[in-house]
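For the record, the sequence lines run as chains A and B.
Counted the way the working numbering counts, the first sequence spans residues 1 to 204.
Counted the way the working numbering counts, the second sequence spans residues 1 to 288.
These are computed hints drawn from the structure, not numbers from a lab.
Even glycine gets a Cβ: it sits at the ideal position worked out from N, Cα and C.
Any given hint might turn out to be false.
With a straight-line cut-off of 20 Å between C-alpha atoms, the simulated EDC-like cross-links for lysine to aspartate or glutamate are [what the hints assert, rightly or not]: (1) Lys49(A) / Glu76(A); (2) Lys257(B) / Glu184(A); (3) Lys186(A) / Asp165(A); (4) Lys186(A) / Asp235(B); (5) Lys195(B) / Glu197(A); (6) Lys4(B) / Glu17(B); (7) Lys195(B) / Asp205(B); (8) Lys257(B) / Asp285(B); (9) Lys186(A) / Glu200(B); (10) Lys62(B) / Glu76(A).
Across the chosen pairs, the derived CB separations fall in these ranges [claimed, not checked]: (11) Asp20(A) / Pro44(B): 56 to 66 Å; (12) Tyr65(B) / Arg124(A): 20 to 30 Å; (13) Arg89(A) / Arg274(B): 29 to 39 Å; (14) Pro91(B) / Glu197(A): 55 to 65 Å; (15) Arg89(A) / Asp97(B): 54 to 64 Å; (16) Leu98(B) / Glu126(A): 51 to 61 Å.
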Amino acid sequence: MRIAIPKGRLQDRALAVFADAGYDVPDDADLKTRRLVFDRGGIEWIFVKDGDVPVYVEHGAADAGIAGLDQILEHECTAYQPVEFPFGRCKMMLIAAPGAPPLTKVATKYPRITRQFLDGRGVRAEVVPLSGSVELAAVLKLTSHVVDLVETGETVRVHHLELQDVIAEISPRLIVGKTFYRTEPKLVRELIARVEEAVNVSKV
Amino acid sequence: MAAKPRYPTGVHPLLREETARRRRIEARFVDAFAAAGFDEVVLPIIDYVEPYASLVDSAAAKQSYRFVDREGDLVAIRADFTPMLARALAPSIADGDLPLRLFYRGDVIRVEASRLGANRELFQIGAEIVGDDSVDADVAMLRLASELVPSPSIVYNDVSIASTLIAQSDSVRDALAAKRMTPDVPAALRTIVGKLISGEATIDDVAPFAPEAAARLCAISDALGEDDVFSLHLDDIDGRSGYYTGLRFSVFTNGAKVAQGGRYDNLYERFGRRAAAIGFTFTIDDLD
Numbered sequence: 001m002r003i004a005i006p007k008g009r010l011q012d013r014a015l016a017v018f019a020d021a022g023y024d025v026p027d028d029a030d031l032k033t034r035r036l037v038f039d040r041g042g043i044e045w046i047f048v049k050d051g052d053v054p055v056y057v058e059h060g061a062a063d064a065g066i067a068g069l070d071q072i073l074e075h076e077c078t079a080y081q082p083v084e085f086p087f088g089r090c091k092m093m094l095i096a097a098p099g100a101p102p103l104t105k106v107a108t109k110y111p112r113i114t115r116q117f118l119d120g121r122g123v124r125a126e127v128v129p130l131s132g133s134v135e136l137a138a139v140l141k142l143t144s145h146v147v148d149l150v151e152t153g154e155t156v157r158v159h160h161l162e163l164q165d166v167i168a169e170i171s172p173r174l175i176v177g178k179t180f181y182r183t184e185p186k187l188v189r190e191l192i193a194r195v196e197e198a199v200n201v202s203k204v
Numbered sequence: 001m002a003a004k005p006r007y008p009t010g011v012h013p014l015l016r017e018e019t020a021r022r023r024r025i026e027a028r029f030v031d032a033f034a035a036a037g038f039d040e041v042v043l044p045i046i047d048y049v050e051p052y053a054s055l056v057d058s059a060a061a062k063q064s065y066r067f068v069d070r071e072g073d074l075v076a077i078r079a080d081f082t083p084m085l086a087r088a089l090a091p092s093i094a095d096g097d098l099p100l101r102l103f104y105r106g107d108v109i110r111v112e113a114s115r116l117g118a119n120r121e122l123f124q125i126g127a128e129i130v131g132d133d134s135v136d137a138d139v140a141m142l143r144l145a146s147e148l149v150p151s152p153s154i155v156y157n158d159v160s161i162a163s164t165l166i167a168q169s170d171s172v173r174d175a176l177a178a179k180r181m182t183p184d185v186p187a188a189l190r191t192i193v194g195k196l197i198s199g200e201a202t203i204d205d206v207a208p209f210a211p212e213a214a215a216r217l218c219a220i221s222d223a224l225g226e227d228d229v230f231s232l233h234l235d236d237i238d239g240r241s242g243y244y245t246g247l248r249f250s251v252f253t254n255g256a257k258v259a260q261g262g263r264y265d266n267l268y269e270r271f272g273r274r275a276a277a278i279g280f281t282f283t284i285d286d287l288d
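Sequences are here, hints too, so could you generate the full structure?
Put into structure tokens, the structure is as follows:
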């Protein structure tokens with residue numbers, strides 16, 4: 001079984017979940033090396049950029065992984081999402097530049113979600129794909145709006161931006177590839193049961 | 001040495017060895033279909049979009065290449081054989097013709113590859129039985145599919161179970177598609193939905209909700225007998241069933257899905273002629 005761990009924001013929590021579930025996960029010393037693949041307890045742990053987890057799992061290059069709903073939606077990932085985690089929750093929001101100009105251009109790391117949201121509203125606006133510090137686009141008037149994840153809202157407040165709409169409630173999920181689910185039902189059931197158990201215990 | 005020619009993403013020529021390999025596989029399928037009494041039909045590579053508008057959901061429609069032809073009509077390159085065959089066949093079927101056993105082969109083009117490294121141009125071979133709604137036809141198609149590839153494993157289910165539950169509450173769709181219980185699922189359905197998600201559900205569990213589908217699955221399973229090629233997975237559910245109305249199955253070999261099929265008893269009616277139908281399609285690019 002090959003499990004994809006997202007690097008970055010969710011990495012520590014993701015590893016903690018599997019450790020709580022009794023899996024032998026790579027430790028800090030392992031992670032200080034620059035390797036990206038580790039064999040522990042019969043499982044191959046791979047470390048990939050958070051947005052790539054749904055891609056690996058969708059295409060069967062990894063059997064399971066942990067991914068945020070933002071990345072699952074953006075990649076139109078059809079893998080199963082059997083466990084939703086209580087940590088790392090945030091909102092995907094439409095945020096306006098200071099003075100709330102009319103919606104004409106939207107900067108975002110999530111062009112597909114943004115396009116679907118705009119189409120759903122029947123709004124004609126240009127989507128400007130960026131790869132980071134998206135709020136700056138609105139601050140510098142590159143675009144009238146941005147679509148991004150909001151956790152505490154601090155970035156938005158500091159830059160005097162305006163929260164306008166919640167597009168989706170985002171939470172990380174355990175995702176399991178469809179083919180793996182069909183071909184290794186026993187392994188899948190055990191994985192889900194152990195991860196679910198770990199989540200329920202840590203909630204108490 | 002001259003540079004290798006470049007091609008658009010997802011398409012490539014087959015040179016001598018690859019073509020020979022493709023033809024070998026094709027011949028194996030054609031022989032098997034002919035032996036089982038199936039006749040070949042050929043369908044056009046492009047067709048109007050409009051006749052299919054009502055039965056293709058927008059997500060699937062976006063998978064096809066569409067353009068305006070010289071007469072100003074919106075046309076699409078073939079992306080799915082099954083509805084095209086229904087439209088072509090429905091007006092010309094005479095009562096005495098049924099049941100019909102037909103097969104077809106050719107390329108389909110999809111805008112977005114559904115698998116990593118998957119082609120946009122896919123070579124498919126499919127077969128269907130039109131005008132036979134019996135369990136025998138279901139079993140015949142399952143068995144035929146199992147004979148076309150080495151060491152197959154076939155997972156089957158009935159889409160009407162999920163659609164019956166979704167009809168009671170739309171929240172069931174998301175729960176079944178994600179395989180995770182959500183707070184919106186009504187109390188009366190939580191037990192059965194929970195069992196379908198966890199994979200514990202048995203035919204007896206679903207029988208109260210979808211008695212016809214349960215009885216049918218029992219009959220199919222009895223007819224297949226003890227055979228570990230076939231397994232009933234009541235939890236094998238997609239959020240949307242498309243034009244499928246009953247039995248739905250996938251064929252795996254070497255851990256990869258190579259074919260899918262099922263029953264679509266209402267499809268022909270939409271093109272003006274009632275006829276039950278069941279079929280499957282293999283994507284040959286995925287086979288050895």
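Results for each hint:
For the hint linking Lys49(A) to Glu76(A), the alpha-carbon distance of about 17 Å falls within 20 Å, and the restraint holds. With a CA separation close to 13 Å, the supplied pair Lys257(B) and Glu184(A) stays within the 20 Å bound. A threshold of 20 Å between alpha carbons decides the hint, and for Lys186(A) with Asp165(A) the separation of about 42 Å lies outside it, so the pair is violated. Using a Cα cut-off of 20 Å, the hinted pair Lys186(A) and Asp235(B) holds, with the two alpha carbons roughly 14 Å apart.
With a C-alpha separation of about 17 Å, the suggested pair Lys195(B) and Glu197(A) falls inside the 20 Å cut-off, and the hint holds. Between Lys4(B) and Glu17(B), the direct Cα distance comes to roughly 17 Å. Compliance with the 20 Å bound is thereby established for this hinted pair. Distance check on the hinted pair: Lys195(B) and Asp205(B) sit about 8 Å apart at the alpha-carbon level, within 20 Å; holds. Note on Lys257(B) and Asp285(B): the hinted pairing holds, with a Cα-Cα distance of about 12 Å set against a maximum of 20 Å.
This hinted pair checks out: Lys186(A) and Glu200(B) have alpha carbons roughly 12 Å apart, not beyond 20 Å. As the CA atoms of Lys62(B) and Glu76(A) are separated by approximately 13 Å, the hinted pair is consistent with the 20 Å bound. Checking the proposed 56 to 66 Å range against Asp20(A) and Pro44(B) shows it holds: the Cβ atoms sit about 57 Å from each other. Separated by about 24 Å at the C-beta atoms, Tyr65(B) and Arg124(A) satisfy the suggested range of 20 to 30 Å.
Separation of Arg89(A) from Arg274(B) is about 50 Å and departs from the stated range, judged on CB atoms against 29 to 39 Å. A hinted range of 55 to 65 Å holds for the C-beta pair Pro91(B) and Glu197(A), which are about 58 Å apart. In this structure the supplied range 54 to 64 Å holds for Arg89(A) paired with Asp97(B), their Cβ-Cβ distance being about 59 Å. Between Leu98(B) and Glu126(A) the Cβ separation comes to about 54 Å, which falls inside the hinted range of 51 to 61 Å.
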